[in-house]
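Using the hints provided, position chain B relative to the given structure of chain A.
Single-letter residue listing:
Protein chains: 2
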Amino acid sequence: MTDQPPALEQKLAKILKQLEQHQVDLYLVPSVDEHLNEMVPDDKQRLKAITGFSGSAGTAVICRSGKHQLFVDSRYHLQAAQEAPNAFFEIQKLGLRDVPTVEQWLTEAEKKQGSLKVGFDPFTISPKTYRLYQKCLTSKASQLSPMLPNLVDQVWENRPEARCQPFYLLDDSWTGETAASKLKRIREKMRENGVQALVLSKLDEIAWVTNLRGSDIARNPVFEAYCIIELEQATCFCLADAPETVQAYLKDWFQFKPYSAYQNSLQSLSNLKIWLDPASTTMGTYLALQKTKSPQEVAAFQYEKVNPIVLFKALKNPVEIKQIRKAHHHAACAKIRSFVRLAHHLEQNESVSEKGYAEMLYEEYAREEGFVDLSFDTIAGFADNGAIVHYSDPSPNKKLESGHMLLVDSGIQIAGGTTDDTRTIAIGNPTEKHQRLYTKVLQSHIRLAMQIFPEGTKGSALDAVARSALWNSGLDYGHGTGHGVGAFLNVHEGPHSISPLSHAMDFQPGMIVSNEPGYYETDWGGIRLENLYVVVLLENMPPHPGGKSWLHFESLTWIPFDHHLIDSHQLHADELQWLNEYHQQVWQEICPYLQGADLEWLERACKPISA
Amino acid sequence: MTDQPPALEQKLAKILKQLEQHQVDLYLVPSVDEHLNEMVPDDKQRLKAITGFSGSAGTAVICRSGKHQLFVDSRYHLQAAQEAPNAFFEIQKLGLRDVPTVEQWLTEAEKKQGSLKVGFDPFTISPKTYRLYQKCLTSKASQLSPMLPNLVDQVWENRPEARCQPFYLLDDSWTGETAASKLKRIREKMRENGVQALVLSKLDEIAWVTNLRGSDIARNPVFEAYCIIELEQATCFCLADAPETVQAYLKDWFQFKPYSAYQNSLQSLSNLKIWLDPASTTMGTYLALQKTKSPQEVAAFQYEKVNPIVLFKALKNPVEIKQIRKAHHHAACAKIRSFVRLAHHLEQNESVSEKGYAEMLYEEYAREEGFVDLSFDTIAGFADNGAIVHYSDPSPNKKLESGHMLLVDSGIQIAGGTTDDTRTIAIGNPTEKHQRLYTKVLQSHIRLAMQIFPEGTKGSALDAVARSALWNSGLDYGHGTGHGVGAFLNVHEGPHSISPLSHAMDFQPGMIVSNEPGYYETDWGGIRLENLYVVVLLENMPPHPGGKSWLHFESLTWIPFDHHLIDSHQLHADELQWLNEYHQQVWQEICPYLQGADLEWLERACKPISA
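One line per chain: the protein sequences are A and B, in this order. Each step along the first sequence adds one to the number in numbering that gives the first Met the number 0, with nothing skipped, and position 383 is 382. Each step along the second sequence adds one to the number in numbering that gives the first Met the number 0, with nothing skipped, and position 458 is 457.
This is chain A alone, in the form it adopts within the complex (with noise of 0.2 Å):
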């Protein structure tokens, strides 16, 4: 439940209270929290607490004179107008013409007033950004002033506890290397870069290079945490107590420490060369190391650069691509009996909201071995709401009727793995256009799953492989292609991705990456068929002139394409046999664990179709 605007505006006007206090102009209240976190717990979601707005992403501008800003990306043009209260705040709908971006409205506001003294809290702003606002203010009486504690947790009421759940240690056989093994790994790279100290904030960072995971946050296995790894200690500071098993199976690697000890201990860090990672911490740890140094010290102590977890991380190792393949082969079960169950009810005429389509699926998830939770709030849009990419709020007035189709974008965690997949279905008789578009993004779909290609391929050159049947139809899609996703992590993961800017990261055999093309049209509907796929080294190719590696994708996801959705004629012969090769694989790779009715609905979904 959202504050209502009396409550809000109390809390507004404490804060500004403080802000004159402190001869402060402005304060930035970010969605983002100690961590970076994508998902914010609910005791660090302070941008919701001080404005209303719910979505995952905002930065709000709290303003001595003036109204407050509230900015949003195009996710959330709608919700913020309708949950953040227009008497306190400007809804500035990022994305439209004229309408500017935090740096833009800093720049226009110190442009007016002349200078801007700019309150925040150090640990809510990665140094990334801080460096963008502070090229926005170019006077010298303008300054960015870091303030703690936080102002909106000082006025909140009833604050939520943090979860602060137990944590648990991931078995070898699921992670394939020891906590031991990664921090020798992370430690040769230290050496070689010169470095003694490396700070993590990131929380699955700090769950990947210790094994373990846990459940403060929904959607993601991790637990709340800062690491500082030393050349010959580490120090994992966790909020809540580490259990017993876990400190002795790991004590003679690191040493468990109260969350709270984490900013005291930077200090000791003060001799030490340190390694940080300006988009992976927060500018909270870099002002407490530079606490006592002069410029030319923090010069010669700091090292930046992309930390060398991050591609670690991202390069999985043929255990936990072992461990993610049978997570694959639980969520495509449930997926699967969620669609008969579907159809099912449909055929009696019973009468099925997107929301108890939703729960179907959820049911039929936690019914798998080792089910945890879903690794994302499932996308179940019906018709036209199919259209709303980030459709997270499946509506239980919304039924599902015949001639329109219904996309499922859903994922889980589950014991060794995360999951992410979508199917788009057709309910009732699938329309021409239906099958047109349909068909497009699949040929989409299909031309990227079975490109070939040499390492050294970044991300936008695969995205335009995506995108160039549908672009010679005059379609497009407004998000990315593809990202990575964690092994029984986040479903989000970098450092690589499929998308017109990705040009930074090669793709390496060991990474997984989703592969999901789309077609959106307002009050009509929206397509996307996403799988994902893990890199894979090709042999018994031609050698390449360059001496390189040819590299292709395998897939991780067996799930079947709705085959009244495809026109055949539209597809190229090798597309053709590259989709009922996959319809025979998912049948290979599934039957087994398929009974009665569902296994029927399986045998007919992957028949072979013909041109």
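Be careful, since some hints might not be right.
Identical copies go unnamed one by one, so any copy, or any two together, can satisfy a pair.
Derived DSSO-like pairs: lysine-lysine, alpha-carbon spacing no greater than 27 Å straight-line [as the list claims (entries may be wrong)]:
1) K292 with K139
2) K256 with K398
3) K188 with K111
4) K134 with K354
5) K92 with K547
6) K547 with K432
7) K432 with K181
8) K256 with K92
9) K13 with K188
Note that these hints are calculated values from the structure, not bench results.
Coordinates of chain B only, in the frame set by chain A:
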């Protein structure tokens, strides 16, 4: 003719003496000249003068102790080893394993020696390169020491005279825009960026803004000059005296001064904020402008950014495009006639060498009205020579015999336009392998040629579109897919290109770009198929979801692809349709200009190919 070792030895000895006098350890001799030309005039070929190596790109390092170094890329590994005397030079074959770049070599040399004093002529190094070298020298005792005049010039006996040819004005009916209008647009950008002067060193930029052309440099219709554009005046510093008619016509906009007055004139700019493009001027100009300034003043008076002419020049106006189309008709007619002549000779069992064919082609080009020059040295590589990507010295001894292919990459400078096209043709009956691989490359060409794409698309995306089909067969090529081309200017022109690394520049209407995928197999042969295309807005398309315009390519080149080498079964239906429509249009565009046997050949060459 290259110098004999004794002469070289004397020159090197004289330079070493100078280095000793100035206490300098190394002296850099790059292939680049004062205008960062790709084609360097004879009197500026200092690298050749001091090493004997006549290739177009490389860097020599003359060393007071140890062997001199010559760094060359893969095009010149063989040639450098043949031409530069082994007794004096160690050839660093860039691209081979464990071969250092110039930067790596400098780093290593500094390490060995403790510190390095590196001499160079500041007018032969761009600030971009200078900064790269600067980064290699980390010791405080090390330094990059500008030395003027050029040491090679001082020891170069019988140095050729500068060509210093008269230059001439292009009519507005060719350029589509007066110099006055171009100056106005440039000055608008200067005001927007808050600068008072723009300094130009690149000859094609000066030719573009003045609408003048010359012939100081082989293959490029430019004249040697500098240019300074201020808000109220503009000055051209020319090697040759500006013809009176040119001076009279341009007198309201350009002052003409002798080339030698340039360096002193820079002093008069000392109170102006100056726009400098670090990629298109030299350290010589930078240092002259900084002479009397403190570092703070330099920062205040220097404005670094890509200069506005780079993009203005790339976006051809409708008049230019009309002229360029005409130029390509001429080039196509000549090339077609050369193929008919070649076929005739071979039918008569007359022996024709690579060089013999290249001369035939030149004769046909020279017959076209308005012909000025080739736009680059013709590549005519037969059989295995086709696999040498930059094979620009056709042999009189390599005879064209049945059972192989001939790769012909050529272009011309002709009144109003610059052309560049490549065809690979079968001599005698092609093998199945010739056909299979030719058709693969053709498919790659066609896929890119027919690709529709939204504005904002980068060259790296288009590169993947071209390569995707080849990649799926385990094939690739080691060069870029496309480069920009000037309007009766340089055959290589930025800022756009199509390559895996082209992430920076959006493709925009009016840009001209080559499409030239290839396949190369050592000891067998090479295939390259190149047309030039102009980027055009595509109307009557579905609206793009992001509100972007749709773009596509229109061909400028109208030369048939060799139907003997096409295996139509390998092509998708839409690709074959593109090919047949292309050939139909070749026929329509070119048939008015050919007669007799040439016309008959064209008719046969353009016949529809069935699936």
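Taking the hints in turn, this is what the structure says about them:
no., hint, verdict
1, K292 with K139, "both (22 Å within a copy, 24 Å between copies)"
2, K256 with K398, "neither (52 Å within a copy, 80 Å between copies)"
3, K188 with K111, "between (48 Å within a copy, 25 Å between copies)"
4, K134 with K354, "neither (46 Å within a copy, 60 Å between copies)"
5, K92 with K547, "between (45 Å within a copy, 19 Å between copies)"
6, K547 with K432, "between (43 Å within a copy, 23 Å between copies)"
7, K432 with K181, "neither (52 Å within a copy, 49 Å between copies)"
8, K256 with K92, "neither (43 Å within a copy, 55 Å between copies)"
9, K13 with K188, "neither (48 Å within a copy, 48 Å between copies)"
Violated hints, in rising order: 2, 4, 7, 8, 9; the structure is consistent with all others.
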